[in-house]
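J.: Spelled out from the first residue to the last, the chains are:
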Amino acid sequence: MKTKLGFLILGLGLVFTISCTKYPPESDRLLEDLAVMTQYDTKAVFTDYKSYYIYDTITKISDAGASTINTATSSPVIQAIVKNMNARGFEQHTNVTDKVDMRIRVVYYQNTTVYTYSYGWYGGYYPYYPYYPVYYSSYTTGLADIELADMTTANIVNNQVPILWSAGIRGLLTGSHSTSEITGSIDQAFIQTPQLTRNK
Amino acid sequence: MKKIIIILTAFVCLAGLAQAQDTPPSSLGFTPKSYYTFSWNTTFTMGDFNKWVGNASPAGFDMGGRYFVKNGLNVGWNISWQRVSQIYDNETYTIPDKGIAINAENYRFTWMVPFQAVVAYNLMPEKMVSPYVSLGIGGDYMEHHLMIQEYDIYKTRWDFSLTPEVGALVKFGNFNQWGALVAFNYKWTTNKIELYETTSKNLQMLNLKVGIAMIIR
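Line order of the protein sequences matches chains A and B. The first sequence: position 156 = 156 (our numbering), numbered continuously. The second sequence: position 123 = 323 (our numbering), numbered continuously.
No lab work stands behind these hints, which were simulated from the structure alone. Predicted, not measured: the structure shown is a model, and the values here were computed from it. By construction, the Cβ of each residue, glycine as well, lies at the ideal position given by its N, Cα and C atoms. A couple of the hints might just be wrong.
Stated by the list, open to error - Some chain A residues close to chain B (C-beta under 7 Å, calculated; not the full set):
| id | residue |
| --- | --- |
| 1 | Asp33 |
| 2 | Val36 |
| 3 | Met37 |
| 4 | Thr38 |
| 5 | Gln39 |
| 6 | Tyr40 |
| 7 | Thr42 |
| 8 | Asn84 |
| 9 | Arg88 |
| 10 | Gly168 |
| 11 | Gln192 |
Use the sequences and the hints to build the structure in full.
T.: Pasting the structure below:
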């Protein structure tokens with residue numbers, strides 16, 4: 001009886017061990033985890049900049065070409081950027097023809113990854129083909145790139161526009177996140193760049 | 201830490217008490233020549249290691265063999281497999297001189313394979329409950345992983361380890377080849393973690409082992 005109990009405890013331990021050592025696969029991590037990467041120009045003096053204009057559409061670039069993301073999806077992103085910029089003392093201009101110090105554009109790069117998997121065993125002889133069927137699957141993820149361009153030193157003729165600050169958010173706009181998660185990631189991009197402010 | 205010691209002590213005492221009621225002389229009926237153990241191992245990280253992964257982890261196993269040399273003195277080996285892991289939400293890494301900051305959920309885990317030579321002394325090896333003390337000396341293979349999105353940054357290391365242990369072998373009955381093993385050890389290693397913005401050296405941990413033993417006459 002005690003021997004059986006010993007084996008039972010050990011068996012339960014095995015099951016517990018196996019069940020608690022799994023990590024989400026790469027595809028899930030890319031879809032569900034938001035990674036916020038920011039970089040600012042360390043030589044920029046942000047108090048020298050006052051006004052900005054933000055394009056109210058988000059361009060999606062994928063293998064299929066470029067298109068515009070619908071307003072319902074893009075609007076929370078744009079609004080979150082505006083909220084943060086205004087809170088940091090910058091002044092929004094809504095007329096595209098206005099002369100402003102900075103312009104903000106959001107571009108979404110979509111990427112679809114196709115991968116294969118097989119439940120079978122590989123053969124012991126060259127050329128190591130799997131015995132069982134190979135399955136195909138895919139996941140779509142991407143990067144939302146927010147760029148803050150310096151229009152005070154931009155050389156429009158030569159298409160040279162310095163970037164003061166950029167934020168890349170991996171996993172955004174994949175459809176896996178709530179609006180609060182999306183706007184939260186925008187907020188995070190600003191939080192981790194305290195230098196981007198006129199409020200000194 | 202105190203709780204663990206209290207639980208361990210209570211377990212050993214209760215096991216001995218239960219056995220004493222079944223068989224008053226508390227004698228095994230034979231003197232073992234060797235025994236083999238297979239136990240479920242729970243690790244509690246300490247010090248720098250605890251800053252890397254703070255969670256206790258029950259994901260581990262240990263196998264061992266002991267061969268009696270003289271009276272209670274025995275020598276043997278231990279091989280284990282253990283994994284400790286933790287998910288950290290919204291950690292921010294910065295590279296200030298380049299103006300870079302990265303915020304992401306990250307998964308950290310370390311898996312280790314210790315292999316040690318052991319010298320041990322069993323008190324009352326012929327009794328139903330046989331407490332022991334041991335010292336394991338050997339090596340540790342460890343893999344430290346930091347996973348962020350599709351990136352898996354990892355380093356592997358082979359290092360020295362030292363493991364003093366106290367425990368007890370609790371036989372299931374007279375002339376029974378099987379018994380339970382309960383043990384508690386402290387492990388010190390020269391292993392270290394050197395991943396971005398995280399440096400830990402001389403990794404230390406406590407381990408609680410609960411398992412079964414096969415006793416050879």
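J.: Now look at each hint and say whether the structure bears it out.
T.: Here's how the hints hold up against the structure:
Interface restraint check for aspartate 33(A): the shortest CB-CB distance to chain B comes to about 5 Å, inside 7 Å, so the restraint holds. The interface hint given for valine 36(A) is met, as the beta carbon of that residue sits about 4 Å from the closest beta carbon of chain B, less than 7 Å. Below 7 Å, beta-carbon pairs count as interface contacts, and methionine 37(A) has one with chain B at about 5 Å; its hint therefore holds. Proximity of threonine 38(A) to chain B holds as hinted, the smallest CB-CB distance being about 5 Å (cut-off 7 Å).
Because the smallest distance between the Cβ of glutamine 39(A) and any Cβ of chain B comes to about 5 Å, under 7 Å, the interface hint for this residue holds. Checking tyrosine 40(A) against chain B: minimum C-beta separation of about 4 Å stays under 7 Å; hint holds. Against a cut-off of 7 Å between C-beta atoms, the interface hint on threonine 42(A) holds, since the closest Cβ of chain B lies about 4 Å away. Because the beta carbon of asparagine 84(A) sits about 15 Å from the nearest beta carbon in chain B, more than 7 Å, this interface hint is broken.
Contact between arginine 88(A) and chain B, as hinted, is not supported at the beta carbon level, the nearest pair being about 16 Å apart and thus beyond 7 Å. Annotation: glycine 168(A) was flagged as interfacial toward chain B, and the flag is violated, the nearest CB pair being 9 Å apart, outside 7 Å. Because the closest C-beta pair between glutamine 192(A) and chain B is about 4 Å apart, less than 7 Å, the hint holds.
Against the hints set out earlier in the document, violations occur for numbers 8, 9, 10.
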